[in-house]
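Student: Top line first, the protein sequences correspond to chains A and B. Numbering follows the numbering used here, with no gaps: position 66 of the first sequence is 66. Numbering follows the numbering used here, with no gaps: position 21 of the second sequence is 1021.
The hints are simulated quantities; they were obtained by calculation from the structure and are not laboratory data. We treat Cβ as the ideally placed atom computed from N, Cα and C, and that holds for glycine. Mixed in with the good hints there might be a few duds.
[Unchecked claim] Far from chain A, some chain B residues (derived; all Cβ distances over 10 Å):
| hint | residue |
| --- | --- |
| 1 | Leu1058 |
| 2 | Asp1069 |
| 3 | Arg1104 |
| 4 | Leu1126 |
| 5 | Phe1129 |
| 6 | Ala1244 |
| 7 | Thr1257 |
[As the list claims (entries may be wrong)] Which stretches of chain A does chain B cover? Using the computed rule of at least three CB atoms under 8 Å from a CB of chain B, they are:
| hint | stretch |
| --- | --- |
| 8 | 162–176 |
| 9 | 243–256 |
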Amino acid sequence: MLRPLHPVQPGTRTVLGIAFFVLFVGFWAWITLGGHVNRIFLADPLSMLKDGWRLLVEDRFWLDILITIWRVFGGFVLASIVAVPIGIAMGAWKPVEAFLEPFVSFARYLPASAFIPLLILWAGIGEFEKLLVIFVGSVFQIILIVAVKVGATRRDLVEAAYTLGATDNGIVKRVIMPANAPEIAETLRLVLGWAWTYVIVAELIGSSSGIGYMIINSQSRLATGQIIFGIIVIGLIGLLSDFAFKALNRWLFPWSLA
Amino acid sequence: MSKLLIEGVSRIFAGVGGGQPVRALQPVDLAVAANDFITILGPSGCGKSTLLRIVAGLEAPSTGRVLLDGKAVTRPGPDRGMVFQSYTLFPWLTVAENIGFGLREQGKPERERNEIVASYVDLVGLKGFENHWPKQLSGGMQQRTAIARALANDPEILLLDEPFGALDNQTRGLMQELLLGIWERRKKTVLFVTHDIEEAIFMASRVIVMSARPGRIKSDVPVDLPHPRHYTLKTSPEFSALKAQLTEDIRIEAMRTAQTQSA
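Isolated chain A (complex conformation):
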């Protein structure tokens, strides 16, 4: 019946994927509407939707959503601009790697959230501080993954390019970079997902706007419906940006799929 590694039909795949969501929400509705848990701790799906609607219409929650999106992308783009060239340089030139790799490996384990008090001291509680949290959380990860991918460039392609007369410079620009472009884009897609977790942490502390602020604000009022709505919004935006990123990669690198 279930054969290992046997592919599943596209139609069945969609049905199965949706089925789990239905089960999940069904279970949630059963324990909340059925009175199995105290509603102070967990709102039911219907009042969550009601709370969400009120948030959007009355409290102008969409402004918070926009500001959070801006923070994620702002910090993420900053981190990418700095990290991708450094990662490529580390992967391509081994002395650069020897120089930076130990530090970056160490810095990668510094939790971005622990930097928030320091960043607030340095940059205040404005937008720049929020961007910096995302930046600190993403930049070392991107550097390291890009360096590893670039370091693993197919040697036979590099050798072929040399026998065709490429210079060292040409190897970096016209072999190493295009060869790894899809992998780098894929890395960015992955790290963008992590950036979403950093932004909420940044907004939980010293913030007066954004999805994270709304969530911490709702906690003091025991508005669990709003909290869950906020979490679901983050999930949906994450999913959408992931789809968009995937589509962009497919469009940019048709050769890597074909």
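Given chain A's structure and the hints, the job is docking chain B onto it.
Tutor: Below, chain B alone, put in the same frame as chain A:
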């Protein structure tokens, strides 16, 4: 004067983890005349690929030197075109862009480049596939593109490292005829490494047989079969006689390899 001169070239690999250094290649001397088609025949692991990579400049010899047109080889360059056994087309470039890669690296203007590329697309019979990605091509087509890519630079010598080793038998036969046809028309100095005896005889004007590791030249067999060669040549008595002789030579070496490995 010889086109290519290999003088006392040997290669020793450093021992792994403090082990004994491994001698892959005993000192080899070889002179290659211009426009000669030389095949280097030997059992797996005899160092024939190492020798070719040293000529390409991808590896440095432990002793000796390689001279091309009297100039010492120190690093890879466009005067020595190379076709590898693995598929090494740049996957992000189309067939035409792959063939034009070397010309671009040398800063040839686009119009001239396009003309040269078109002529080589034609030469290897890939018209209509110029804009395909390598992934969309069969193995034989990929190697045809790789040959065109190496030739488009108009190198002084063409180096091929078991270029048809990964292809099925039928495709391999067709590729041999294609490459030989190009050589018969265009004349080029070629160094072709293979472990396939039939391929070595069919392609070559001279077969260099190498011994088991550590490799050295065991025999140097001229092939005086007439050109243009047709695949039916492979069943002629002259061909069979050469094949019998080389099979015996290689068999002894293959057995020696097997013995050293089991010991």
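Student: Hints first: check each against the structure and report whether it holds.
Tutor: Against the structure, the hints come out as follows:
no., hint, verdict
1, Leu1058, "violated (5 Å)"
2, Asp1069, "holds (16 Å)"
3, Arg1104, "violated (8 Å)"
4, Leu1126, "holds (17 Å)"
5, Phe1129, "holds (13 Å)"
6, Ala1244, "holds (36 Å)"
7, Thr1257, "holds (25 Å)"
8, 162–176, "holds (count 9)"
9, 243–256, "holds (count 4)"
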